[in-house]
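Here the structure of chain A is known, so what remains is to put chain B in place on it, guided by the hints.
Chains A and B, in that order, are what the protein sequence lines are.
The first sequence: position 105 = 105 (this note's numbering), numbered continuously.
Just add 113 to the spot in the second sequence (first one is 1) and you have this note's numbering.
There could be a bad hint or two in this list.
[Unchecked claim] Simulated crosslink set (DSS-like; lysine-lysine; CA at most 27 Å straight-line): (1) A:K22 - B:K150; (2) A:K57 - B:K169; (3) B:K169 - B:K118.
[Claimed, not checked] Listed below are several chain A residues computed to face chain B (Cβ distance under 7 Å; list not exhaustive): (4) D42; (5) F45; (6) S48; (7) S80; (8) G84; (9) P106; (10) G107.
[To be verified] Only part of the chain B face toward chain A is listed, based on derived beta-carbon distances under 8 Å: (11) S141; (12) Y145; (13) L147; (14) V214; (15) T218.
Source of the hints: derived by calculation from the structure; they are not laboratory data.
Positions of the beta carbon are idealized from the N, C-alpha and C atoms, including for glycine.
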Amino acid sequence: AAGVIQSPRHLIKEKRETATLKCYPIPRHDTVYWYQQGPGQDPQFLISFYEKMQSDKGSIPDRFSAQQFSDYHSELNMSSLELGDSALYFCASHRRGASNEQFFGPGTRLTVL
Amino acid sequence: DQQVKQNSPSLSVQEGRISILNCDYTNSMFDYFLWYKKYPAEGPTFLISISSIKDKNEDGRFTVFLNKSAKHLSLHIVPSQPGDSAVYFCAASGSGGYQKVTFGTGTKLQVIP
Chain A
1 AAGVIQSPRH
11 LIKEKRETAT
21 LKCYPIPRHD
31 TVYWYQQGPG
41 QDPQFLISFY
51 EKMQSDKGSI
61 PDRFSAQQFS
71 DYHSELNMSS
81 LELGDSALYF
91 CASHRRGASN
101 EQFFGPGTRL
111 TVL
Chain B
114 DQQVKQNSPS
124 LSVQEGRISI
134 LNCDYTNSMF
144 DYFLWYKKYP
154 AEGPTFLISI
164 SSIKDKNEDG
174 RFTVFLNKSA
184 KHLSLHIVPS
194 QPGDSAVYFC
204 AASGSGGYQK
214 VTFGTGTKLQ
224 VIP
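Just chain A, same shape as in the assembly (with noise of 0.2 Å):
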């Protein structure tokens, strides 16, 4: 079965760079989740969106953006890039009425040096 899709798997980047983070839901999951987890911590969301619109917010800093395209695939764009935020980046999907659980990809590891 397709499973969530993303990429990169990892990324360096320096401090102040940017990234691009992407995520590819399951076929006909309308709802895509981000999560971040630092090392030794828990999952964290940080926004999700609902048919191509915000959905939710939480702990995302005015640093980061993200937005989800027509085909469902969901961007996470984060600017001027501090060391605080090398973490495993998770994304996970959800077809809304279905079932309440999230499937989640295998995330992008981003290293900031």
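Just chain B, lined up with the frame of chain A:
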């Protein structure tokens, strides 16, 4: 403010015995609870869930118990197998077709052969 707590960061169990992972939550608006299993460098994998209208849900070797009055849930794995060794996250969400998931801090389970 940690709304979902897993007080045991680690647990070691002999193969064939029962593993019991515990989770407490503080937000009474949560009414859907999930357990995710996570291996290093992979995304969380959905394991089992329970709605607040139930107090027990079983799926093979995995059973989740919910005590709403105590705001406590637990995951039982019987019998435990070495392949169960992973980090287990308790998670909670509110009702509705789309809700962000709030994760606990995780419990690292080691099943000893």
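Results for each hint:
Our distance criterion of 27 Å between C-alpha atoms is met by K22 (chain A) and K150 (chain B), whose separation comes to about 23 Å. For the hint pairing K57 (chain A) with K169 (chain B), the CA-to-CA distance comes to about 31 Å; that exceeds 27 Å, so the pair is violated. Between K169 (chain B) and K118 (chain B) the CA atoms are separated by roughly 20 Å; this keeps the pair inside 27 Å, and the hint holds. For D42 (chain A), the interface hint holds, since its Cβ comes within 7 Å of a Cβ in chain B; the closest pair sits about 4 Å apart.
Nearest Cβ of chain B to the Cβ of F45 (chain A): about 4 Å, under the 7 Å cut. The hint holds. For S48 (chain A), the shortest C-beta to C-beta distance to chain B is roughly 6 Å, which falls under 7 Å, so the interface hint holds. Because the beta carbon of S80 (chain A) sits about 25 Å from the nearest beta carbon in chain B, more than 7 Å, this interface hint is broken. The closest approach between the C-beta of G84 (chain A) and any C-beta of chain B is roughly 19 Å, which is over the 7 Å cut-off, so the hint fails.
Look at P106 (chain A): its Cβ gets to within about 5 Å of chain B, closer than 7 Å, so that hint holds up. Residue-level restraint check for G107 (chain A) holds (minimum Cβ-Cβ distance to chain B is 5 Å; threshold 7 Å). Evaluation of the S141 (chain B) hint against chain A yields a violated restraint, the C-beta minimum of about 17 Å exceeding 8 Å. For the restraint placing Y145 (chain B) at the interface with chain A, the shortest Cβ-Cβ distance is roughly 5 Å, inside the 8 Å limit, so the hint holds.
At its closest, the beta carbon of L147 (chain B) sits 7 Å from a beta carbon of chain A; the interface hint therefore holds under the 8 Å criterion. With a cut of 8 Å, the hint placing V214 (chain B) at the interface with chain A holds, because the nearest CB-to-CB distance is about 6 Å. With 8 Å as the threshold, the beta carbon of T218 (chain B) comes within range of chain A, its nearest partner Cβ sitting at about 5 Å, so the hint holds.
Of the numbered hints stated above, those contradicted by the structure are hints 2, 7, 8, 11, listed in ascending order.
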